[in-house]
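As given, the protein sequences belong to chains A, B, C, D, E, F, G, H, I and J, one line each in that order.
Numbers 132 to 227, taken from the working numbering, label the letters of the first sequence in order.
Numbers 132 to 227, taken from the working numbering, label the letters of the second sequence in order.
Numbers 132 to 227, taken from the working numbering, label the letters of the third sequence in order.
Numbers 132 to 227, taken from the working numbering, label the letters of the fourth sequence in order.
Numbers 132 to 227, taken from the working numbering, label the letters of the fifth sequence in order.
Numbers 132 to 227, taken from the working numbering, label the letters of the sixth sequence in order.
Numbers 132 to 227, taken from the working numbering, label the letters of the seventh sequence in order.
Numbers 132 to 227, taken from the working numbering, label the letters of the eighth sequence in order.
Numbers 132 to 227, taken from the working numbering, label the letters of the ninth sequence in order.
Numbers 132 to 227, taken from the working numbering, label the letters of the tenth sequence in order.
Below are the DSSO-like pairs computed for lysine-lysine, each with C-alpha atoms no more than 27 Å apart in a straight line:
id : chain 1 : residue 1 : chain 2 : residue 2
1  : C       : K170      : C       : K151
2  : A       : K149      : J       : K149
3  : C       : K149      : C       : K164
4  : J       : K164      : J       : K149
5  : G       : K172      : I       : K172
6  : F       : K151      : D       : K149
7  : E       : K149      : C       : K149
8  : G       : K151      : H       : K151
9  : J       : K164      : H       : K172
10 : H       : K149      : H       : K164
11 : I       : K149      : I       : K164
12 : G       : K164      : I       : K172
13 : E       : K149      : G       : K151
14 : B       : K151      : H       : K149
15 : J       : K151      : A       : K149
FYI, nobody ran anything at the bench for these hints, they're computed from the structure.
Residue strings, one per chain:
10 protein chains.
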Amino acid sequence: MEFLVHIEIEWPPGNDPKLKDEIFAAELLQGQKLAREGKLKRLWRIPGRWANWTLYEVADATELHACLTSLPLYPWMNIQVHALAEHPNDPRSLGL
Amino acid sequence: MEFLVHIEIEWPPGNDPKLKDEIFAAELLQGQKLAREGKLKRLWRIPGRWANWTLYEVADATELHACLTSLPLYPWMNIQVHALAEHPNDPRSLGL
Amino acid sequence: MEFLVHIEIEWPPGNDPKLKDEIFAAELLQGQKLAREGKLKRLWRIPGRWANWTLYEVADATELHACLTSLPLYPWMNIQVHALAEHPNDPRSLGL
Amino acid sequence: MEFLVHIEIEWPPGNDPKLKDEIFAAELLQGQKLAREGKLKRLWRIPGRWANWTLYEVADATELHACLTSLPLYPWMNIQVHALAEHPNDPRSLGL
Amino acid sequence: MEFLVHIEIEWPPGNDPKLKDEIFAAELLQGQKLAREGKLKRLWRIPGRWANWTLYEVADATELHACLTSLPLYPWMNIQVHALAEHPNDPRSLGL
Amino acid sequence: MEFLVHIEIEWPPGNDPKLKDEIFAAELLQGQKLAREGKLKRLWRIPGRWANWTLYEVADATELHACLTSLPLYPWMNIQVHALAEHPNDPRSLGL
Amino acid sequence: MEFLVHIEIEWPPGNDPKLKDEIFAAELLQGQKLAREGKLKRLWRIPGRWANWTLYEVADATELHACLTSLPLYPWMNIQVHALAEHPNDPRSLGL
Amino acid sequence: MEFLVHIEIEWPPGNDPKLKDEIFAAELLQGQKLAREGKLKRLWRIPGRWANWTLYEVADATELHACLTSLPLYPWMNIQVHALAEHPNDPRSLGL
Amino acid sequence: MEFLVHIEIEWPPGNDPKLKDEIFAAELLQGQKLAREGKLKRLWRIPGRWANWTLYEVADATELHACLTSLPLYPWMNIQVHALAEHPNDPRSLGL
Amino acid sequence: MEFLVHIEIEWPPGNDPKLKDEIFAAELLQGQKLAREGKLKRLWRIPGRWANWTLYEVADATELHACLTSLPLYPWMNIQVHALAEHPNDPRSLGL
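So that you can see chain A by itself, here it is in the shape it has in the complex:
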């Protein structure tokens, strides 16, 4: 099942820059791990914000929650999940 996930990162400007560098590096690695496992399919930046849209493909909402809480930046994330149903005209299912 696919989910469209909207993530806003709420990082106080005065936070320790070293902590930011460490967490940011760990975040990139964990994102790539989820991508290699075929769970995180696409990732886009929202222009002008420390925020993104992500497309996940997982078994259900419980596995999605496990993926999202595995992200090092999770404590600073404000996340909205949109459950997706298959559309008969989706180019992927049409083989287009």
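Following the hints, complete the assembly by docking chains B, C, D, E, F, G, H, I and J onto the known chain A.
Structure of chains B, C, D, E, F, G, H, I and J alone, referenced to chain A:
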């Protein structure tokens, strides 16, 4: 450039069912045409609504507007467009 | 997977009362059919509104969409779906 | 009377991890106590958030308030309560 | 249990004035009946709107729903219900 | 003139518990004083929140503001005021 | 007591132009009557909308409601009332 | 003084297509007239909507209102006006 | 040109009381200065909030911004500006 | 492609004034650099707020994001981006 597009279809319950069938059939064909042209990349239903999320890849907002207004259901659509920026960790750009 | 579903029914006061009776009767039957199939688990009225909260247990959002669009009142419904993840302290999973 | 309760936990990322462990453990115990008393009926996680939906069955809003304020995490909770009315087609009342 | 009820009446300006007179008269009578039964306790107009705040005292949300749907104007009402819990400092409980 | 007042108390979880006890005690006393003066008529808790609905009867908005700012918790309150007009069908004016 | 009143006029584009002319003329007269009575103090257009801000000075919300419902356009108005309290630094009270 | 103006056109799908053609043609002409008078400076489409952002430069809000109500589509427009103040770093004032 | 200005003051309860006294005193003086200059015309308190509605009459939005940023409390203010157009039925322009 | 960008600056009143002066000076310089490169076209203040509307002309959302994150105040900015499509009646494209 990619755009995430949220479409709600506002179709009055009392509308002519024959009109609905005709427009719906034409809508499917036009969606497939945009998919074959490589502009409409993915299409999902929003569960419980006559609504969808669509992923477009086009030159800019002007071409996107031309795609969306080419849809036969356009006069009954309430559309919100989200411009997307590339993310360095996007599985597609990483080749994952 | 469970979903919490919020349904508002938008029925114009001037609609044909006979149509309302017919659709309402069919709605009750279809709701009971979904309940007997183990998909619709609980159903509550929202006081003061022609609206309800429903708890569904289905395979995924695609099956949920099929359930909801099978309801005779679907064309007059404004539906918001909330995907649910399992909680380790849920009385059901604890056997309480 | 049943209530559907939406709880968001607002826990600052910089809070003492030991305090978090202690409160979290106490929270689990108090939730199980309310479940054993037949007041807390179901509990779901909202995917991607430190948040949940809970179904309570209590005498009235005053008893519900007592349940909710008994939770150790209450000072960090943002709670919205939805009063529920019985629906004649609820699978529980139909014995389905 | 007490409930604070916010009611907006959505009456199209072009509706039949005679229908309005009939329904309005029946509405006043039904409101007085609920007041005499001790269920509808207070009623205020919201200035500048065809809307009101009402204070109900009933057994639970199910009885409240029965009261509200007994109102002749119910099909034209947009109603929001606020469940109330007792406050230890309420002048009524203090005998003030 | 009556006013319906919605009060949310925004008290940081980490505040000094002793300060909380002192202010809370003073708050109860001031509320009872306003009740004895016939200005604060009813007071309800909003279940699940440190919040309440209050019914005031005062000369005008200026006197209401004086009442509200006299509350010891005022600096931590987020207050929304709803002006009320008399309704000819109010049980109080009908003597019901 | 003064009130700041926000009025949106919701007039369907297809309504009878003659009705519009008649009601509009009556509206202007009634507005001037309220102004001469010292109740309607100021009136501004909201640019780009068939809407206005109005400043009323009346005894209370009940009289304000009577003023507003006396307007011929009232059935087509969506009105929000803001109760005002006196400010010690108001130029009018300072005689500036 | 400059104003940023957000315009949504609310045109029912079932309206007479001939009326639409006539009004649309008149709208284009009136827009060009305002542009030639130096009042309408820039005009953009909002992708996916029958809506636009417009930049006006006029004496004040009263003249802006006169410009906007001169548009043939005005009765079908939902308009939000944003007043703009000069910024010392504006490329136009810097001659960039 | 007139502007209706909505100001919320966001002053943390724990701030230094001496700073509050100093800034508050300076705020009153600057408000009176703007009033004497004929720019600040009316000032009302919003009951129950540290907030106000203000009526300004200035050349344009640039001068309004200069007035507002001259207020000592400006760094703690959340301000929304409403541009006003003249109304032909305004009592002031009618000499009423 | 053009973008309309809405920027709110969220600067705590208690921040170090020297830091503010340094960042503000750097912000002005970077804004002028973007203007000279032809990317930042117009810049307006929102009256009463530390906020602005900016008009950008860049290749796409990815370049826009690079421009915005190059601003020294970026960590304190809350930014909303509006993608713009060309309008055939835009005075610029008409050569007006």
